[in-house]
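J.: Starting from the two chains in their separate frames, assemble the complex, guided by the hints.
Protein chains in written order, with my numbering: chain A, 1 to 309; chain B, 310 to 557.
Hints may be right or wrong, so weigh each one.
[To be verified] Take a look, some chain A residues computed to stay more than 10 Å from chain B by CB distance:
hint	residue
1	89
2	126
3	140
4	144
5	168
6	172
7	173
8	174
9	257
10	260
11	264
12	291
13	292
14	300
[Stated by the list, open to error] Label pairs and their in silico Cβ distance ranges:
hint	chain 1	residue 1	chain 2	residue 2	range
15	A	220	B	396	38 to 44 Å
16	A	132	B	396	56 to 62 Å
17	A	276	B	541	39 to 45 Å
[What the hints assert, rightly or not] Some but not every residue of chain A turned toward chain B, in silico, with C-beta under 7 Å:
hint	residue
18	60
19	184
20	186
21	213
Worth flagging that the hints you see were computed from the coordinates, not collected in a lab. These numbers come from a predicted model, not from an experiment. Cβ atoms here follow ideal geometry from the backbone N, Cα and C, with glycine treated the same way.
For reference, the chains in residue letters:
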Amino acid sequence: MLIHRRRFVAALGAGAVASTAGCAGGSQEESGGGAGVAGETLTLTTTTSTYDTGLLDAIHGDFEEMYGVTVDAVAQGTGAALESARNGDSDVVMVHARGLEDEFLRNGYGVNRRDLMFNDFVIVGPESDPAGIQGMASATDALTAIADAQAPFVSRGDNSGTHTKELNLWEAAGTEPGGDWYQETGTGMGEALNVANQQGAYTLSDRGTFISQRSEIDLTILVQGPIEDGPEILANPYGIMAVNPGVHDNANYDLAMAYIGWITSPGVQESISEYQVNGEQLFFPRAVSENPDFQQYVPEGWSSDSSDE
Amino acid sequence: MPIEPVAQSLPGIARVAVDLPLLLDLPFREGYVWSIIYVSLYVSLTAVALSTLFSIPVAVVMGFTDFPGKQFVKSVINTGMGFPSVVVGLIVLFGVSNQGPLGALDLIFTKQAMIMSQFVLATPPITAISLAAITGVDESVRDAAHVLGGTRVDVALVVLKEARYGIATAILAGFGRAISEVGSVLIVGGNITGADGISKTRTLTTAIQLEARQGQYGTAMILGAVLVALVLAVNAVVIRLGDQGVHR
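One chain only, chain B, in its complex shape (with noise of 0.2 Å):
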């Protein structure tokens, strides 16, 4: 795949993420952790850019208009937030088996797959938290937007822009759903790695459940916190964004 090459270019950050379990001479060959890492992330941050792509338009139309149904509209996302992963899986996985509407597109056991999965579970949390953001912002700067002369598309940004920590805190939580959940991305990615070590669809958390499953509870802790390890690595980097983002 020809996406694999970007990986060996991660700055030195993720490098040294990967080369400091290996120096506890974990039973793993080269370059196995720090594919698992890559699949992990690649899947999570690209199902969570689409989902924002998504949520934040539909978080805006939804915080600015009113129209007939929006309480239900809101308790279905609500609703989506504790939806279980795993029947999530299951319904990715009936659309995208040969035998599902998707069949043709051969996704199954495909990091698209496990994507399409990942989108529907962080969707929601992304969606609702955002939604909560933008209506918290003071009417008063809404107000004050309109009287200053702006278009209906300034008002927004200007809300957007009051309402960008609540913003980043739903990207974060959606993230969080992603990278940490198990049930879907095993039943859509089937946990694949090459002969050569090399992940194809296993991420840190079915990385995990397969040394659990073995009985290598060490091996499962240790990987457990490069998991941890990186979700504190990402939530640091949106923080310090979002902070930068008032100095300007």
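Chain A with its partners taken away, still in its complex shape (with noise of 0.2 Å):
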């Protein structure tokens, strides 16, 4: 009985080489090009905001129909995404992290780049907002606050759209936060917030994991951004840029233009406005306009004259 049972994990590994091998040398006809893209997985790295509201589940499956693809929607938060694109890990990147993006375009790592949708930061209390930055006009200011009464605020630490956003408004405020009040978590914007609530401590949230999280937590919005008439600094674009497959011969490159192409699309850019949790809009389109902003193709301050730098 022995021999069988050896027989029996002898064949268990034997189908593991056999599907392992079968893998790969699928997705190596892939890599060689062909005429269609059917049958092609996309890879997308993203930040944790697009995936735990539920949007991308909601729209993706109108693309893997059309195309009749397969999308890989791995949510890493913006910093991992744009490192597992560097790495050519992924053929498409969706983040919310303007400087970060336009470092990555500039680095020769992403091409075609597009806005493609924005929601706002909001900054998150306890109702009884020790600090009392309760409907404060001005970010820089409610977070001076917090650190005046060294109030307790969780940062996500994790080097994500929202965390390089917090770093940005601490600087703007021209304080350095540190001291036991300042707690870095290192987890995604869901698991921060808990923490947050937890603790009775404030901090900085996309507006759509909020709203979707909302109901399980006792924070409040104490400063609103820029949909709710906030401070225009608290704003949250969101872009989507296809790997450059100059750099990664490997990237689907195709298939990552015609993700961009349908996810900038008049019909999806609909989906995504209509798109609600809890009976709120969470996501803004923001890539049809009749007057294109063309600043969205290039890094900020891009010019021909400084590519050379």
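T.: If you want it as structure tokens, here you go:
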């Protein structure tokens, strides 16, 4: 019976090896290129906020059906999503930190950037509001008040788009956050909201994740973003870029561009604006405009003269 | 992927395991829980099977021979038992990333990459515990086998038979490490589920992590219960197999 068991184990192993070989072969075929894209897989690395709100699952079925392809959406946070793309591990990136996107473009890793959609950031905290920031018109004043009061503040601390925005805000406020009251969680937005909720702390959140989680937590919006007439500095624009096939020749550029074309089309932009959680719109489309902003295609401040830097 | 349909034909027990949480009105689409259970089992069982194929011969060779540096190899294996899974995930990520040595195979964000990292995680405990079981077999058993005219292979088989409970424990320990591990499969697998709600590289552990990230602690707990039930079931099956072996 020992032999039987060995045979069984050996068969399992052989099966696994065979299936591995099959997959590797299949993907090589893909990168070889061909007439159609059907059957191929598009790897999208993106932020936790687009994924955790359920938006991508809600709209991707349409794209998959239209092209007969599969979209692998990997929710990583802006920093990690760009890093995966830098390593050639994804075909298209959807993130929300223009500064990091511009660096990515300047370094040659990304091409064909489009503005995709926006929502905004909000500063949330406990209703008791120990730092007294409720209704402040300036996000930086609010952060300064939190720092002065040494009220607990939860930071993402994960190099995500939200974390980048938060650090920019502290810088704009002229305050160096630190001390016992300032905690870096190193987690996604939802978890950071939970931590803030448990500790009665303030945090910076994108509106989408906050809305989709509001029923679970006791935090409330204390400083609004631009969607509700808050300061413009809290705007949260999402961009989408294809990985440069000139740098990573295995990137599925055809399909990436098909995806970018699809998601920036009027129909899908409409679907994005119609997507609701708890009866509220989470994302506002930005790709379709009578007067396109050509700055969306290039890094901030880019001009052909300075391209040699 | 051609492997998926196999999942549909799993026996009734697995079906019940899937339907049960669905009865509790989980906010998941049909087939979701089922598909992450399938991915969890597929990845962990394959990794443990491959680890076992690798570990048992290594344990047998180490148990029957003496060679210089044996103690060193042993301590390396024992160290491997405590190797952090996220570090293994990072190492496998560097290996399978497009820039890595295996980049051309396009393994990043696939089950195969997850199997690789779990293989690395499961092999040290399986080897170490098997080795302990084999060296723990009484000398008199080996002597008796020799005396009865057994070849070296015969002796090894007799010892393996005597050590089967220890080896089963080793395999279960490896399986336990593989299926409960979240760090490396998250990094190399990417926690991917298709838009149709069918998991590609999402396991029970990474699904629990995702639910917790979103503050859905209730559903996270239910998935956790499914995971524990699954591990219990696999343990029961393996122990049952061991018992049947005795009666034969």
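J.: Could you run down the list of hints and mark each one as holding or not?
T.: A quick look at each hint next to the structure:
no., hint, result
1, 89, "violated (5 Å)"
2, 126, "holds (16 Å)"
3, 140, "holds (28 Å)"
4, 144, "holds (29 Å)"
5, 168, "holds (24 Å)"
6, 172, "holds (28 Å)"
7, 173, "holds (28 Å)"
8, 174, "holds (32 Å)"
9, 257, "holds (19 Å)"
10, 260, "holds (17 Å)"
11, 264, "holds (18 Å)"
12, 291, "holds (33 Å)"
13, 292, "holds (29 Å)"
14, 300, "holds (28 Å)"
15, A/220 / B/396: 38 to 44 Å, "holds (40 Å)"
16, A/132 / B/396: 56 to 62 Å, "violated (45 Å)"
17, A/276 / B/541: 39 to 45 Å, "holds (41 Å)"
18, 60, "holds (3 Å)"
19, 184, "violated (16 Å)"
20, 186, "violated (12 Å)"
21, 213, "holds (5 Å)"
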